[in-house]
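Participant: Could you slot chain B onto chain A? The hints should help.
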Amino acid sequence: MSSINEKFSPIRKGLLEFLVLKVVSADKVYVADILKELSGTEFATQEGTLYPLLSKMRREELVDYEWKESEAGPPRKYYELTAKGREQLREISEYWQKISGTVKSLGQKPGQ
Amino acid sequence: MNKVIIINLNGNAYQLEEGGFEALRAYLDTAARRLEGNPDRDEIIGDIEQAIADKFRTLMGANKTVVATREVEGVIAEMGPVEDASAPSGTPRADGPAAAPGAQDGPKAGPAGASPKRLYKISDGAMVAGVCNGLAAYFNIDVTIFRVLFAISAFTYGAGVLLYILLMIILPEASTSAEKAAARGAPFTAQEFIRRAREGYYEGMRRFGDRHARREWKRRFKQEMRGWRQNFHREMHQNAQQWAQDCRQHWALHPYPVFGWWIAIPVLRLLSLLVALLCVFSLISLLATGSVFGILLPAGLPVWAGLIILIVVFQIIALPLKVMRHALYYGGRYEPMYAGWVHFWNTIAWLGFILFLVWFANRHSLQVHDALRNLPHEVHRAVDSFREWWARQ
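Note that the protein sequences, when read in sequence, are chains A and B.
Count along the first sequence starting at 1, add 38, and that's the number in my numbering.
Count along the second sequence starting at 1, add 11, and that's the number in my numbering.
Hint data in this document are derived by calculation from the structure and do not stem from the laboratory.
If you're wondering where the values come from, they're calculated on a predicted model, not measured in any experiment.
Wrong hints could be hidden among the right ones.
Calculated pairs, DSS-like style, for lysine-lysine (alpha carbon to alpha carbon, straight line, at most 27 Å) [stated by the list, open to error]: (1) Lys106(A) with Lys45(A); (2) Lys66(B) with Lys115(A); (3) Lys14(B) with Lys106(A); (4) Lys229(B) with Lys74(A); (5) Lys51(A) with Lys66(B); (6) Lys122(A) with Lys74(A); (7) Lys60(A) with Lys66(B); (8) Lys66(B) with Lys66(A); (9) Lys51(A) with Lys115(A); (10) Lys106(A) with Lys136(A); (11) Lys136(A) with Lys122(A); (12) Lys66(A) with Lys142(A); (13) Lys136(A) with Lys51(A); (14) Lys45(A) with Lys142(A); (15) Lys122(A) with Lys106(A).
This is chain A alone, in the form it adopts within the complex (with noise of 0.2 Å):
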């Protein structure tokens, strides 16, 4: 199991944009949402990891944040999509829906 699970580091290192895309597109959210949806799945990650691809998805103008103020500490930053991003998100959706066909489909027989 290990070993699939490093085969396929990559695979989810640049599948990690796409389902931040998605996370932030539900609602407005500040990280430690993104991180606590993520948490449960394959593809829990971490601060380290998430910042600097936010800083890039913003430089990309995919997403946008406001500082809203907190009930404890300081001001944070909520994320959410643009029209691009939107419109990123939705290109994505269409090309994975392709892939998971792609990958379906492959290998069967032409009768089955």
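Facilitator: Quick look at chain B alone, frame taken from chain A:
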């Protein structure tokens, strides 16, 4: 017993055991090194420090004020290693968990490096509506320079004032912190310049290393300069001839009526020039320090009102000088040559009057105040409907 070190994490003070401090410093140093060349490096480090501070805060209590070494190590493990997401995805990154820490070093920010800058009005510390503030933030130039430029451009038939009013209506206000950040954008610092240069942004500049390109450029520059010089000489010559001819005609038609004109005209001219210079100086001093020759603006009087008062005062001072000069030149006749100046003062006075009326109405009438507040919105709507109409044609 362990030594305790107090640290500042993004503005939060924490006391760490010495071992924890060393571990945290190593973690943050590595993070900074891996983000080398990332345009958002400082922001990401700030975010990470803030996240660590948040985690430390949950560990603290009334009876616990020091973060132990193993707790720091736990937090660092929770944070995970900092990886630069800007690394181009095309490079071989199938490095697995045992990647060399140095593998991701080096500048790798993509061409989409700087966040886009946008032109906004910024009302924090604004004198009128924040247009100059926004421009200064956009071009990263001291705001006083823009204010002086606008004040001086008010002399060009009031074009500066009109431009300011237009910008005031068109530009959106930067109200959220994100908009304020976008107004300032990624500061175009020397570091940024070097980074872009290193990444080959300025391909054109590099071509200067090419001897042929350099020679070609030099040749063209010289040619252009020569052409410009010739034009300039020719025009000067023509103007001088024209002027001499006009003068001769004028002398023939209007013999000078006033005795001593030949000394009076230069003196008057000099005085007018001095007054104009004084006016510009006091405008600059008013904008830069808020006072003119040590006289402070009365409390409650906005700076722009001070500007208009200054212009009017200097106009009043200059008026008799001008009238006398006109009288000497033309014996009181109104000449089209001076029509430009008359128009200019008329424009200033007119704009000043209109501005005063608008300001007064805005101050004392609720309806006018509301109408003015809705004006930008109405203008946008009008432009939109016009655009729709245009698209239908």
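Participant: Please write out, lowest number first, the hints stated earlier that are contradicted by the structure.
Facilitator: 1, 3, 4, 10, 12
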